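Could you build the full structure based on these sequences and the hints that come with them?
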Amino acid sequence: MPQALEQADGRWAWVVLLASLVSQGLTLGFPTCIGIFFSELKHDFQASNSETSWVPSIMIAVIHIGGPLCGVLVERFGYRVTAMLGGVLASLGMVASSFSHTLIQLYITAGFITGLGMCFSFQSSVTVLGFYFIRQRALANALASTGTSLGITLWPLLSLYLLEELGWRGTFLVFAGVFLHCCACGAILRPVATNMPLKTTEIPLLPPKTPALGCLAVCGRTIQRRLAFDILRHNARYCVFTLGVMWMILGFPLPHVFLVPYAVRHGVDEQRAALLISIIGFSNIFLRPVAGLVASQPAFASHRKYLFSLAVLLNGLTNLVCAVSADFSVLVGYSLAYSVSMSGIGALMFQVLMDIVPMERFPSALGLFTILEGIALLISPPLAGLLLDTTNNFSYIFFMSSFFLISAALFMGGSFYSLQQKEQHSKQTEKEGAREEAAPEWGQILEGKDSPEKRLCPEIITGANLPPPHRPAGMNKHPSGYRVSSRT
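Under the UniProt record's numbering, the first residue of the sequence shown carries the number 1, and numbering increases by one thereafter.
Everything labelled a hint here was simulated from the structure, so no lab data went into it.
Take these hints with a grain of salt, some might be off.
[What the hints assert, rightly or not] Computed beta-carbon distance windows for the label pairs:
#1 K422 <-> V178: 44 to 52 Å
#2 Q420 <-> L18: 32 to 40 Å
#3 R435 <-> R361: 31 to 39 Å
In this text the structure is predicted, and so the values were computed from the model without any measurement.
Even for Gly, the Cβ is constructed at its ideal location relative to N, Cα and C.
Below, the structure is given as structure tokens:
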């Protein structure tokens, strides 16, 4: 018996919203707590800052790069099964990582396996949310993104407590059980009815002499179907947004990884240093819904991309404040200011992507978007760790973060404005051209004295607009304001 489909904007949509909120808290919120274990991992494995930073880097990168594989599983098995599979993989990865004896093993277990599991759970919940909400999509995305804020708030506190009681290996075993909650969230993702037309695939009969497609051709067609390279080529806004976010990501995750070690280096107690990350997450719990409410207003619907660029710019400027002083009171103020701009980025990122591309192409557009984002996430922390090993100065990391964020904001804002002006100019030119082609030509028919031929002379007679008693003789008024005068 076929399963009944849930309706968009129905009651069950809010249950799915809650599941997406919890999934984002468990997945996107988790990598921020790796900074708590940074010193422990570095000491146990006798590694450098650059080598240790590969652990969160691989994890965050796989969360985003695994999007196309997640899309394949969603199409084959559905959102529910894919999200539940992600919970199982994330749990197995954390169990295996607790028995790791080298950093290479930790890269594979905690980085790749756990990251891939979190990718399946996270991207399934985000994508299905766009189909469950139509009228209140912006608000739903903002509310769901508060799950990341909850994760950023709770993961460091839980990590710090468990690290003191059980060590990092015992803590990872507990985390394995926590990630199994992704399976419960995935079970809530029932199939939803969509307004998109069903695609029927017909397999034509090939002539006997037609050779079968090669393996490379099949792979090429699959990649072209899964990844939105055609949108990247023909949709200028999608190209600008994707490249801008990719450049932004080179600086955006650095405070989450290096803020706690930076504070500890400058004499802040480890518990108080971990509290800084929790302050950022706790503030976002309240700020992200506010950002979503503002972005969902009709007056801001066409300006969301500019609001996103402004949030990125403010985020970059805020990091400059952190580089000036490492006093705890200054870092608390920095965390509060940073959370304001971070809430705008988190609430608007996927909504802007949904505004730029049609929903029927959103899964493939999200796949390419997350791959490029994941490449940047893979490079960013090790690059910052190498900079730290070279200079032994944490301030350069925050300067580096500010550079990428500010330049990305200026690029996106300027490019969006230029594209908007270009489109308005082209539309105005088309309207003027259509108006000139559609304008009727009225003229005056004159007869020559020596010839019976008549000719048209364009002429605008203002007297044609006079009322009939005052209208000159022989003038017939036309609705357009022109007149035709005939002589017999």
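Going through the hints against the structure:
| no. | hint | in the structure |
| --- | --- | --- |
| 1 | K422 <-> V178: 44 to 52 Å | 49 Å, holds |
| 2 | Q420 <-> L18: 32 to 40 Å | 37 Å, holds |
| 3 | R435 <-> R361: 31 to 39 Å | 34 Å, holds |
In summary, this structure violates none of the numbered hints.
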